[in-house]
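*Asks:* Build out the structure end to end from the sequences listed, making use of the hints.
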Amino acid sequence: MIGNFPPAAILILGALLVPFFKGKAKNWYIILLPATAFFLVWNLELGSSWHVHFFDHELTLLRVDKLSKVFGYIFTLNAFAAFIYAFYLKDNAQHVAALMYIGSSLGVVFSGDLITLYFFWEVMAVASAFLILARKTDKAMKAGTRYVLVHISGGLCLLAGMFLYISQTGSIEFHAMTARNWGTYLILIGFLVNAAAPLVSAWLPDAYPEATVTGGVILSAYTTKTAVYTLVRGFPGWEILILVGCTMTIYGIIYALLENDMRRILAYSIINQVGFMVTGVGIGTMMSLNGTVAHAFCHIIYKALLWMSAGSVLYMTGKSKCTDLGGLYKTMPWTLIFGGVGALSISAFPATSGFTSKSLIIDGAIHQHMMWAWLVLEVASAGVFLHAGIKFPYFVFFAKDKGLRPGETNKSMLIAMGFMSFLCIFLGVYPQPLYHVLPFEVPYQAYTFNHVIAQLQLLMFSGLVFFLFLPLLKRTETISIDTDWFYRKGLSLAVTGVTSLCCWVARLCNDLFIGILPGRLGAFTRRPISALVTSYMRATGEDGSAVKAFGKQMPPEAATFTPMGVPVVISLVFLFSLVLVFAFF
Amino acid sequence: MKSKKEFDYFDKPENIRKLWIMLYVTCGLTVLPDFFTHRHAHFGMDSFFSFYALLGFVSCAVLILFSKLIGLILKVKEDYYDR
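From first to last, the protein sequence lines stand for chains R and D.
Under numbering that gives the first Met the number 0, think of the first position of the first sequence as 0, with each following residue one higher.
Under numbering that gives the first Met the number 0, think of the first position of the second sequence as 0, with each following residue one higher.
Please note that the accuracy of each hint is not assured.
Claimed, not checked - Derived lysine-lysine pairs resembling DSBU-like cross-links, with alpha carbons at most 35 Å apart: (1) D:Lys4 / R:Lys401; (2) R:Lys318 / R:Lys23; (3) D:Lys3 / R:Lys135; (4) R:Lys65 / R:Lys141; (5) R:Lys89 / D:Lys74; (6) D:Lys74 / R:Lys488; (7) D:Lys3 / R:Lys141.
Unchecked claim - Chain D side only, calculated, beta carbon under 7 Å to chain R, not exhaustive: (8) Met21; (9) Pro32; (10) His37; (11) Arg38; (12) Ser46; (13) Tyr51; (14) Ala52; (15) Lys67.
It is worth saying that the hints were derived from the structure and are not from the lab.
A virtual CB, placed ideally from N, CA and C, is assigned to each residue, including glycine.
*Replies:* Here is the structure:
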């Protein structure tokens, strides 16, 4: 009976009832919702679907296959942990926004057609913005507004692409796109905006670090990973994605190394990690697509864990800059340990989930003999350990003791982090349950002796470099210019530029038509002969004083001594006589 | 001051020294198997002795130096956008 109930509905409808619960009941209720949704996803039968008739189209509100189910599992699982983490939070607005956001992300992964997908896509953009605005600082308000504007632009791109695609194919169904035309390009760009691809990625490190403590945890999972899902579904094997993904991995590292704010470091590392996934989509083999999905699954867990530990630090100290933090291992040991598990997982240390998932993508590149992609991914793997694996924990929990003694964070946060840490290690040592739910049946063995040794070499020497180069990595109180410069500074500079250009043109016109021309024209009408001669003299290069002297010598001309009225009277008489002639003859 | 003594292992220079030694030893240990085993090469270069150690070292060094360099252009004061 409950076999085919859309899991998205539980969260979206459930969100509406949140304000009616009081006290701790509210938090229990909110934890229960994703747990129920997880159970529903579990019970969805493969191959089942749910259609609704809408104008001339058949909307597919539910399409169940292995790909949508695995995203369903992780989205609900992560929501469950995130709401345990948020057990202290009473803010209705944040809870409702989070539930709508997570619910519509489930809507996206279970939708079988483009129209339904687009609808949930836009709800996600709007609902998620409230997790940023809820911080209620001036910075958050501005960042939230920019965030919405970027996503609406991306959404419009997607919409335009959809119109073209639907009018060309006549089908609204969402499946792997093979045609290469403007329709599919625009859809791809729309998806890539949410995946934080290069040139359109700046919204992520701009907005996420301004979100609330729990908002950051929730945001880190859904927008980019629904985009990864849509890429896996719609654009597997599009070679351009290899280039896009590889660029993202390196770009994320470089910017994370420059950053001072711990949550901004984690934001850039999302871009780096999504880069691995996008590369996997571009490679497009069953193994690499499995890798992308597995990596998205594990990434959501360890990235949420990292955001949770950073969130706990922010919650307890009110600070998020590396230059303000340090020495917290003394008072927040559990946050450090759990954050450390997340840091090791993202670095893909053997026995953690990153190792069992990322290897699939890298081996996917190896199997296709893509040497450059493989090399970039290995370099990026080393770089991950630098910026997220060591830099984040080192500067927050060790480095220089800044005298902060906040004490350990609250219990619900620790429980959530403990749960996520358990999952990281569980999927690291026993990945079979994860491999089992992946979209394709590809036997894979991550743990071979050589592979483990190679990974340990790569990571330990990366670690060595970090500590050898530590003086170069000293934190500075700076931010880094990213592509958001174009709409934050560039646009206002452009407006100023255009305004001053217009002012200049206006002043020029004023000088010309009001100042200079009437005088010159007046001279011509008053003294036509001398004006013509002096203009000729000027044009032939006579010098100014000679021209003036000549002007003075010239006898007065008719226009100067005849009063203005005389020619008027003459012309009036002439016209009147004409009238008389035509009237009587 | 608190009555209970704070855990401050990582603040003491002698412990930092121990950690450094541990780091070097671990790095050495990871390279050790390369003396005895032969890695199957996928692209030729990866069969090279301690290839992944070198790759990790060199790529991280380059990443740090490059980010340092590009930081000269990209880094601005925190109030840059408010000005």
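*Asks:* Going through the earlier hints one by one, which of them does the structure break, listed in rising order?
*Replies:* Numbers 3, 4, 5, 7, 8, 10 and 12, in rising order.
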